[in-house]
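Engineer: Now for the letters of each chain:
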Amino acid sequence: MELLSFGDTGWGDELFFATLMTIAVSIAAMVIGFVFALIFTPLKLSKNKTLNIIGNCYTTIIRGVPELLVIYLLFFGGTGAAMYVASIFGYDGYIEINAFITGALAIGIISGAYSTEVFRGAILSIDKGQFEASKVLGLKKNIQFYKVILPQMLRLSIPNLSNVWQITLKDTSLISVTGLVEIMRQSYIAAGSTRDPLFFYSVAAVLYLILTFLSMKIINKLEVRYNKGY
Amino acid sequence: MISIFPSLLNGAVITLKLLTSSMFFGLLIGLLFAILRINKNPIINKFAYGYSYFFRGTPLLVQLYLIYYGLANIEFLRNSFLWVIIREPYWCAIIAFSLNTGAYTSEILRSAFQTIKEGYIEAAQSLGVTKKITFYKIQIPIAIKQSLPAYGNEIILMLKGTSLASVITIMDLMGEARKVNVLTFKPFEAFITAGIIYLFLTFIIHNIVKYLEKKYGFQT
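Quick note, the sequences are listed as chains B and G, same order.
For what it's worth, numbering that gives the first Met the number 0 labels the leading residue of the first sequence as 0, then goes sequentially.
For what it's worth, numbering that gives the first Met the number 0 labels the leading residue of the second sequence as 0, then goes sequentially.
Treat the hints as calculated values from the structure; they're not laboratory data.
Heads up, the beta-carbon is just placed ideally off N, CA and C, and yes, glycines get one too.
Any given hint might turn out to be false.
As the list claims (entries may be wrong) - Facing chain G, according to a computed beta carbon distance under 8 Å, are these residues of chain B, among others: (1) G63; (2) P65; (3) G76; (4) V176; (5) L197; (6) Y200; (7) A204; (8) L208.
Start from the sequences and build out the full structure, keeping to the hints where you can.
Structural biologist: Written out as structure tokens, the structure reads:
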């Protein structure tokens, strides 16, 4: 227990901030994922074949390759690509992209693929009459989407989005390989300097369990709240 | 690009070895815990629930580190015959992956057990079939058939999960790709080629499961 005390002698405060970092990366990744999902869901549902293929390629490829691969590709490839772009503009120095940004982007791309599938399923399960009724009422296309489809889609996708959130939360542990100090990295450092890996990885496991447990509770509340009218 | 292909294929063989052995042990563990989960005894039930909660609630990386770095910390284990197994990263990876996929498999099978229609069991009872035979000959086959689609997803998730073996020095497909990246400084070539191989493996697994579903699928 001494090892977990706050201050100079223990790892408590370090692990606490690492937990905050994990939460921050997960939320950032989830938001980035939403952006990707909102771009690719219409593509997947569109009647245009080319757009359809683009949407399908995104979800199939991202869900078919390991998460670690996406992270490595962005981490090692991203620096090279940024330096190449910079060299076109005449800057030849070394550029290092922030680990937080690469990590959140990589996990965001992954969670976006899962969110896309969730949104697609939710839209498909909205009653057809809703689309027809909004058309008959003469609503404009974008108002149809924002006022009729989107709210129902979000309500229907909460249960599955909670799964995506759990996956995203756990995937953030993989960013530790790029050096971002979140729970996993911090316990790796602590385990290395105290030579007590069993203890610190158990602490990491408990921290993740607490996070998943708390988020489950919050999501259940949300679900009840948004299902009130049904 | 062609020159790196053989080493990546060697890695892919290791990936497949890891996948098949952990899927095999995981299925056994999953079946065992699914049976424990539907047991009426609350202590056994809670124990099985705790197992699946722990392994589904923590990242695979934590489990892998706990087994690879953590277990070696226990004096007792280091002196026992088990040390032969847990000092090898390869076996540690298989233990971690099996336990992880076992937890997910137990959930898949449990929900399959619970959705079996009462009518089948009642029919068996009225035919005078014993409970044991009902379980082995009716409940288990139906549960396995019903859970095929979900289990197919689990195999693909595990295929992706085996890439974590590379962080504990196993030269699987991911490990080989990392080595190529370090040696040649060509991240795109290394990782995209590895990605294509992973996609190809996913594609094959997906189609095998689809075929099995068609052949043995269970219509209710």
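Engineer: Compare the structure with each hint and give your call.
Structural biologist: Hint check:
no.	hint	result
1	G63	holds, 4 Å
2	P65	holds, 4 Å
3	G76	holds, 4 Å
4	V176	holds, 6 Å
5	L197	holds, 4 Å
6	Y200	holds, 4 Å
7	A204	holds, 5 Å
8	L208	holds, 5 Å
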